[in-house]
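**Student:** Listed below are the residues making up each chain.
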Amino acid sequence: MQERHQLGEEAITRELFRPLVSTPAMMWVGFIGLGAVLAIFVFAVSWMVYWGLGVTGLHRPNMWGFMIVNFVFWIGISHAGVMISAILRLTQAEWRRPVTRAAEVMTIFSLMTAMLHPVIHTGRPWRTLYWVFPYDFWRNIWPDIRGPLVWDPSAILTYLTGSTLFLYTTLIPDMALARDRTTGWRHVLYTILALGWRGNERQWKMQTIAGFLLSGLILPVFVSVHSIVSWDFAVSLVPTWHATVFAPYFVIGAIHSGVSAVVTLMALMRWLFRFENYIRLEHFDAIGRLLIAVGTGWLWFFLLDIFFAIYPQEARELEIMQFRLFDWPFNVMTALIFIFGYFIPVPIWVFQRFRRNVKIMFWTSIAVNVGMWAERYWLIKPGLMRKYEWTFDWAWYRPSIVEISIIMGSFALVGFLLLVFSKIFPPISVWEEKEGVHFAQQLQVGKRRVNAVIREF
Amino acid sequence: MAIREVLGIYKDLDSAVAAADALREAGFERAEFEVLSNAPYPEGTFGEESGIHRLFVFPLIGACCGFAAGLLITGGTQLANPLVTGGKPLLSIPPMIIIMYEGTMLGALIFTVLGVLFESRLPWIGKALYDTRITAGYIGILVRTAPERESLAISALRKANPEDVLTEGGSVGGTAPAAQ
Chain C
342 MQERHQLGEE
352 AITRELFRPL
362 VSTPAMMWVG
372 FIGLGAVLAI
382 FVFAVSWMVY
392 WGLGVTGLHR
402 PNMWGFMIVN
412 FVFWIGISHA
422 GVMISAILRL
432 TQAEWRRPVT
442 RAAEVMTIFS
452 LMTAMLHPVI
462 HTGRPWRTLY
472 WVFPYDFWRN
482 IWPDIRGPLV
492 WDPSAILTYL
502 TGSTLFLYTT
512 LIPDMALARD
522 RTTGWRHVLY
532 TILALGWRGN
542 ERQWKMQTIA
552 GFLLSGLILP
562 VFVSVHSIVS
572 WDFAVSLVPT
582 WHATVFAPYF
592 VIGAIHSGVS
602 AVVTLMALMR
612 WLFRFENYIR
622 LEHFDAIGRL
632 LIAVGTGWLW
642 FFLLDIFFAI
652 YPQEARELEI
662 MQFRLFDWPF
672 NVMTALIFIF
682 GYFIPVPIWV
692 FQRFRRNVKI
702 MFWTSIAVNV
712 GMWAERYWLI
722 KPGLMRKYEW
732 TFDWAWYRPS
742 IVEISIIMGS
752 FALVGFLLLV
762 FSKIFPPISV
772 WEEKEGVHFA
782 QQLQVGKRRV
792 NAVIREF
Chain D
2 MAIREVLGIY
12 KDLDSAVAAA
22 DALREAGFER
32 AEFEVLSNAP
42 YPEGTFGEES
52 GIHRLFVFPL
62 IGACCGFAAG
72 LLITGGTQLA
82 NPLVTGGKPL
92 LSIPPMIIIM
102 YEGTMLGALI
112 FTVLGVLFES
122 RLPWIGKALY
132 DTRITAGYIG
142 ILVRTAPERE
152 SLAISALRKA
162 NPEDVLTEGG
172 SVGGTAPAAQ
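These protein sequences, in sequence, are chains C and D.
If you use this note's numbering, the first sequence corresponds to residues 342 to 798, in order.
If you use this note's numbering, the second sequence corresponds to residues 2 to 181, in order.
Keep in mind the hints are simulated off the structure, nothing from the lab.
Watch out, some of these pointers could steer you wrong.
Unchecked claim - Once the Cα atoms are required to be at most 27 Å apart in a straight line, the calculated BS3-like pairs of lysine-lysine come out as:
hint, chain 1, residue 1, chain 2, residue 2
1, D, Lys12, D, Lys160
2, D, Lys128, C, Lys546
3, D, Lys12, D, Lys128
4, C, Lys764, C, Lys700
5, C, Lys546, D, Lys12
Please work from the sequences and hints to get the whole structure.
**Tutor:** Put into structure tokens, the structure is as follows:
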């Protein structure tokens, strides 16, 4: 890359290990602020489990509300992390190095948070064990594999296990580095996690091949997870849910919101940990260009979904679509989705000087996720809020304070876990940064020496 | 046969490459020494790395195991509780495919990581010469040889200006002691 700074190995280690050894004031603010919201979240969940789902705004026929919307949202956020990491590794993109670790970690914490929602949404979380896992041989109780309730956990657990293994495999060399530089409990922890890593040629070769192999394996899983989540809706008979386009539509939506979340995370890391030498403007530039394509792809599927609902001229589909597009509050939400999800960010990203402006990238990425959260609500709720034949009870859905607390708490949970992670593990892969230095070449062009494209495996 | 270890520590890449060349000139096979570093270098930097691996077999075995587990869970649970719904066949193929697919991928992922650990010889709990300076950016050349060739290895390693040379008995210094 052309903007690489010439940093020594010691400087790289010192700077990337900084969050582990020092805690900036804003990090304490983050811990305390997020911790407080998290406490409210724990209280809200406990309250709901104790008193039952009656404390939420859920009722017939609105049996899915904020928690399921938030579940879909966090599944979407989780998608881009490993996708970015895997695609950039497979294509040997040099700019992956400062991005992959944080993106993978975000995937794991988002997935864990996402998984929490359907579990607590059952009202009796302990019962989900025998709804999902075929373990009760004694009573001959088996899960019904024909229902999406079983498909979801199988896909999400596969993705979570794969992502965690992916992250851990690439973390081993950095654990060895931390092992050799620490004392006390940290030394014990890193010694265990490093597994006796010594850094010989064979281990590095395996590390490189593992990057390719795991990337190749995780990508089909990534596509399957959000497809399967979309089938939670698509296999039902609810109008506007029962659409064949849902799987690719959900996947592209997940990529749009997830890649934007990676941009948010990059900007926050650059600001909080002073990683200007690693998360550089060229990285925002590259990811901004990627987002133009992804955002436009998402818009295409968004319009396609509307078209598919209108084209068959089915009365129920038309009724819900009219409700979505023209009736309060979904008409405002439609505008929000268009404006925040596409028409503000994407035209901005077209210009390089905006793509290379961290503040603009940060706020546009936030805008995308505001739009995408609204999009999930817009997709899920209208179909349930209508009266159909044989529907005897119906009413508006109004989320209760318990559900609002859970939504806020889910954001705090992911943020808090990310902060804790960066206090224990380096948030940027140290060995991959050093590998970049080893593979860097300089060319003499006339009288000037310039950084050249890096030769990789 | 007893094997002795000698570890040369080098401050820069050029010295480490020179040490690898000196060892080969002294008659050491490439399989007798390994290079320890804190990040990978391009293949061939220190001569060809010896040894084959079977990493690609692991995901295949894992995928087969995962597929079999998926088939067992989906087919088994439906047959264990044979509930006919709407006159449809007992075994419902589309949901079976979903879970079998996830099982296959999960097996492949887990076995790939197991393969990486196995082929990397991790977790390593044996004793081997090591120095924490390696993760700080120094390059280590670790020679494993017969006891009678230990001094030959030390002298070959010293030819390339090492920062230090370690044996199982401790440091013997980067340079040969001056003749009395």
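**Student:** Of the hints stated earlier, which fail here?
**Tutor:** none
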